Amino acid sequence: MSLNFNFNFLNIITVSLELTSLVQFKISLFNAIKIYIDHFNTTKNWFDIFVV
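Sequential numbering of the sequence shown, starting at 1, is according to the numbering used here.
For the record, the hints were derived by calculation from the structure and aren't laboratory data.
Computed from a prediction, not measured in an experiment: that's the story for all the values here.
You may find that some hints are simply not true.
As the list claims (entries may be wrong) - The calculated lysine to any residue pairs, modelled on SDA-like cross-linking and capped at a C-alpha distance of 20 Å, are:
id : residue 1 : residue 2
1  : Lys34     : Leu22
2  : Lys26     : Ser16
3  : Lys26     : Thr14
4  : Lys26     : Thr42
5  : Lys34     : Val23
6  : Lys26     : Asn8
7  : Lys26     : Phe9
8  : Lys26     : Val15
9  : Lys34     : Gln24
Claimed, not checked - Using C-beta positions, here's what the derived DEER-type ranges look like:
id : residue 1 : residue 2 : range
10 : Asn4      : Phe25     : 26 to 36 Å
11 : Thr42     : Phe5      : 51 to 61 Å
12 : Ala32     : Phe9      : 29 to 39 Å
13 : Asn4      : Thr42     : 52 to 62 Å
14 : Phe40     : Asn8      : 41 to 51 Å
15 : Thr42     : Leu22     : 43 to 53 Å
16 : Asn31     : Phe7      : 27 to 37 Å
17 : Ala32     : Ile12     : 22 to 32 Å
18 : Asn8      : Thr42     : 44 to 54 Å
19 : Phe9      : Phe40     : 40 to 50 Å
20 : Phe9      : Leu29     : 41 to 51 Å
Glycine included, C-beta positions come from ideal geometry on N, C-alpha and C.
Make a model of the complete structure from these sequences and hints.
Structure representation (structure tokens):
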């Protein structure tokens, strides 16, 4: 019984960690895109964007 409870608890932790990392991934992806756009606006050079 307690083993089952522990398993469910670990499941909940894993799911919440996955959701958290997904949100953090989306935020970091958004920040990366924003940085790329800012970089493009300042340099106006595609080659620089892909190198960085």
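We went through each hint and held it up to the structure:
For a cut-off of 20 Å, the pair hint linking Lys34 to Leu22 stands: about 18 Å separates their Cα positions. Proposed proximity of Lys26 and Ser16 is supported: the alpha carbons are some 15 Å apart, at most 20 Å. Straight-line distance between C-alpha atoms of Lys26 and Thr14 comes to about 18 Å, which keeps the hinted pair within the 20 Å bound. For the hint pairing Lys26 with Thr42, the CA-to-CA distance comes to about 24 Å; that exceeds 20 Å, so the pair is violated.
For the given pair, Lys34 sits about 16 Å from Val23 by alpha-carbon distance, which is consistent with the 20 Å threshold. Among the hinted pairs, Lys26 with Asn8 is inconsistent with the structure: their alpha-carbon atoms are about 27 Å apart, more than 20 Å. Of the pairs offered as hints, the one joining Lys26 and Phe9 is violated, with about 26 Å between alpha carbons and a cut-off of 20 Å exceeded. Restraint check for Lys26 and Val15: satisfied, since their Cα atoms lie roughly 16 Å apart, inside the 20 Å limit.
Restraint check for Lys34 and Gln24: the C-alpha separation of about 15 Å stays at or below 20 Å, so the hint holds. Range check, Asn4 to Phe25: Cβ separation about 31 Å, and the 26 to 36 Å hint holds. Range check, Thr42 to Phe5: about 55 Å between beta-carbon atoms, so the 51 to 61 Å window is met. Against the hinted window of 29 to 39 Å, the Cβ-Cβ separation of Ala32 and Phe9 comes to about 34 Å, which satisfies the hint.
For the pair Asn4 and Thr42, the supplied restraint of 52 to 62 Å holds, since their beta-carbon distance comes to about 57 Å. Evaluation of the 41 to 51 Å hint for Phe40 and Asn8 yields a pass: the beta carbon distance comes to about 48 Å. The hinted range of 43 to 53 Å is not satisfied by Thr42 and Leu22, whose Cβ atoms lie roughly 31 Å apart. For Asn31 paired with Phe7, a C-beta distance near 36 Å keeps the hint of 27 to 37 Å intact.
Checked against the given bound of 22 to 32 Å, the beta carbons of Ala32 and Ile12, roughly 30 Å apart, stay inside it. The hinted window of 44 to 54 Å between Asn8 and Thr42 holds, with their beta carbons roughly 51 Å apart. Distance hint for Phe9 and Phe40: a CB-CB separation of about 46 Å, consistent with the stated range 40 to 50 Å. Checking the proposed 41 to 51 Å range against Phe9 and Leu29 shows it is violated: the Cβ atoms sit about 30 Å from each other.
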